[in-house]
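Asker: Quick mapping for you: the protein sequence lines, in order, are chains F and C. So that you can map any letter, position 113 of the first sequence is 120 in the working numbering, and since no number is skipped, the others follow by simple counting. So that you can map any letter, position 305 of the second sequence is 306 in the working numbering, and since no number is skipped, the others follow by simple counting.
If you are wondering where the hints come from, they were derived from the structure by calculation, not from laboratory data. Some hints could be false.
Partner residues aside, some chain F positions facing chain C, computed with beta carbon under 7 Å [as the list claims (entries may be wrong)]: (1) TRP28; (2) HIS66; (3) GLU70; (4) THR77; (5) ALA82; (6) ILE83; (7) ILE84.
Simulated crosslink set (EDC-like; lysine to aspartate or glutamate; CA at most 20 Å straight-line) [stated by the list, open to error]: (8) C/LYS21 / F/ASP27; (9) C/LYS398 / F/ASP26; (10) F/LYS118 / C/ASP350; (11) C/LYS398 / F/ASP110; (12) C/LYS21 / F/GLU29; (13) C/LYS398 / F/GLU33; (14) C/LYS21 / F/GLU30; (15) C/LYS140 / C/ASP112; (16) C/LYS398 / F/GLU37; (17) C/LYS328 / C/ASP147.
Remember, predicted model here, so these are calculated numbers, not experimental data. By construction, the Cβ of each residue, glycine as well, lies at the ideal position given by its N, Cα and C atoms.
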Amino acid sequence: METIQEAQYEIVEEFSMFDDWEERYEYMIELGKSLPLIEPYYKTDDYIIKGCQSKVWVHADLEGDKLVFTADSDAIITKGIIAILIRVFSHQHPDAILDAGIDFIDKIGLKEHLSPNRANGLLSMIKQLKMYAIAFKTQLN
Amino acid sequence: MDVQKIRKDFPILEREVNGKLLVYLDNAATSQTPVQVIDTIADYYKNYNANIHRGVHALSQEATDAYEGARQKIQKHFNAAYPHEIIFSSGTTHSINIVSNGYAELLTKGDELIVSALEHHSNIVPWQMLCEKTGAVLKVIPMNEDGVLLISEYEKLLSDKTRLVFVNHVSNALGTINPIAQIIRMAHAVGAEVLIDGAQASPHIKVDVQALDVDYYVTSAHKLYGPTGIGMLYGKTSSLKRLPPDQGGGEMIAEVTFEKTTYADLPHKFEAGTPNIAGGIAFGAALDYINSIGIEQITAYEDELLNYATNALQKIPQLKVYGTAPKKTAVISFNVKGIHPYDIGSILDKLGIAVRTGHHCAQPIMDYYQIPGTVRASFSFYNTFEEIDSMVEALKKAIQMLQ
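Take these sequences, add in the hints, and give me the full structure.
Answerer: If you want it as structure tokens, here you go:
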């Protein structure tokens, strides 16, 4: 299994093939289609990352000592973003998730999604993934 | 009206966003600022910055004259009877809160307040808080599918228990112009006062508070080509005299001893502390700017923009416009079937088009239509038909990418 750093590097490599934002967005939308979908019965307020724009649901489970995420969103760009994050953070140990940096977001040209102006932006999603990591870390210990 | 000449007054319209010339269609959120207003702010800080109403020195006198001069400009613009009926506030939300806080002392349990289904959260939440405090009951005027208020239902809500009715002049989410003259007459007939939220109307249509016979009318300068952080509460003299002040401090007092403080006369009773002096003066300059173009000319031109944009958007397959009232200001809320408004807004931004997406702080309206939000394009007199074409082209591209 690759590390978070390897997964980030791989995504940065993939995005570096594109010359402009359109191609990057189209690819992101494509990635959204391969998102491991959350079970419909988890699409409730308990699993929502609530903001004022689009809805994102995330669920986490332990497989051995690794966290596995599933998610969904009602907006397809948001779905692409959460798909990228899950590709990086899923199947990793909670400690690795908590230690991981997020420089790769800038490198793949999605910096605008880091703005606090974007409710439900990347930052709140990453925060939620890390919250799961904290919760499951306690469970593992 | 020479739009190209007007655009030169707005330096921001020359900037690029994501490598594209900015097309600013989010005027209902905030309007851009002409150089005349920017210069007024700079001139104040460069030449006569001083605290007002207190100093005997020349700067204080000049600043006081400019600030009070601005109050008179606002009075004249909205045709209030007296300058003291114009209270400076930090904006529409603050103005509403001045009235709602004051009303806390005027209401008793079982009194009724009436709101409309078309309101912005800022004209809902302060009143809900007031109801919690006082035991007053909030009633809601419903709307129909077009986004038009049902006046026959409003009539049924009115009674001798009604104390205050608060409705916006224009809906920020849908652009509906509400029949406020009629709403005010009907409220007065049962002895209730009326507060009108004019934040979305005052930039676009003529407002005459005396002709409307409205008790309170509120708006923000930043929707009127002025700066943020300043707005007005217009109130009839009799209403403002009855309303208790919501904040204590300097400026708002006549005499202070530890036993008792007497309040200053209007307007100072509601203006505790050092105000936003530069903002107030710039508010006056912004109204001068609007009047140099002419509010009737503005309305006529913006109507043309609205019709042009509505026709162009309705040609796009599966696009639905929300808010189809016969009388609207230049605001179009819409969705494209199967596409989240946030996705459309994100792509439009990449193409240099600034629109608003989301619930527009009017969740009850979104709940009515059972949608998460809309894309909203809102126009101003500095927008052009070419910019609308650019928006439509960008939208087509967004749809192609997102469908």
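Asker: Between C/LYS21 and F/ASP27, does the CA-CA distance stay at or below 20 Å?
Answerer: At roughly 13 Å apart (the allowed maximum being 20 Å), F/ASP27 and C/LYS21 satisfy the hint.
Asker: Need the status of pair C/LYS398, F/ASP110: alpha-carbon distance at most 20 Å?
Answerer: At roughly 30 Å apart (the allowed maximum being 20 Å), F/ASP110 and C/LYS398 break the hint.
Asker: Given F/HIS66 as an interface hint, is the shortest Cβ-Cβ distance to chain C below 7 Å?
Answerer: F/HIS66 check fails; min Cβ-Cβ to chain C is 21 Å, beyond 7 Å.
Asker: Has the given pair, F/LYS118 with C/ASP350, been kept, meaning a C-alpha gap of at most 20 Å?
Answerer: Cα-Cα ~14 Å, so holds.
Asker: Does F/ASP26 sit within 20 Å of C/LYS398, going by the straight-line distance between their CA atoms?
Answerer: holds (18 Å)
Asker: Keeping to a limit of 20 Å between CA atoms, is the pair of C/LYS398 and F/GLU33 held or broken?
Answerer: holds (12 Å)
Asker: Given F/THR77 was flagged as interface, is its beta-carbon under 7 Å from a beta-carbon of chain C?
Answerer: Because about 20 Å separates F/THR77 from the closest Cβ in chain C, which is outside the 7 Å limit, the hint is violated.
Asker: With chain C as the partner, please determine if F/GLU70 meets the hint condition of a C-beta pair closer than 7 Å.
Answerer: With Cβ-Cβ at 31 Å, over 7 Å, it is violated.
Asker: Are the Cα positions of C/LYS21 and F/GLU29 separated by 20 Å at most?
Answerer: Satisfied, since the Cα-Cα distance of roughly 14 Å is no more than 20 Å.
Asker: Is the interface hint for F/ILE84 satisfied, with its Cβ closer than 7 Å to some Cβ of chain C?
Answerer: holds (5 Å)
Asker: Next pair to validate is C/LYS398 with F/GLU37; report whether the Cα-Cα distance is within 20 Å.
Answerer: Given pair C/LYS398, F/GLU37 holds - Cα atoms ~17 Å apart, limit 20 Å.
Asker: Is it true that the CA of C/LYS328 sits at most 20 Å from the CA of C/ASP147?
Answerer: holds (11 Å)
The earlier numbered hints that this structure contradicts are 2, 3, 4, 11.
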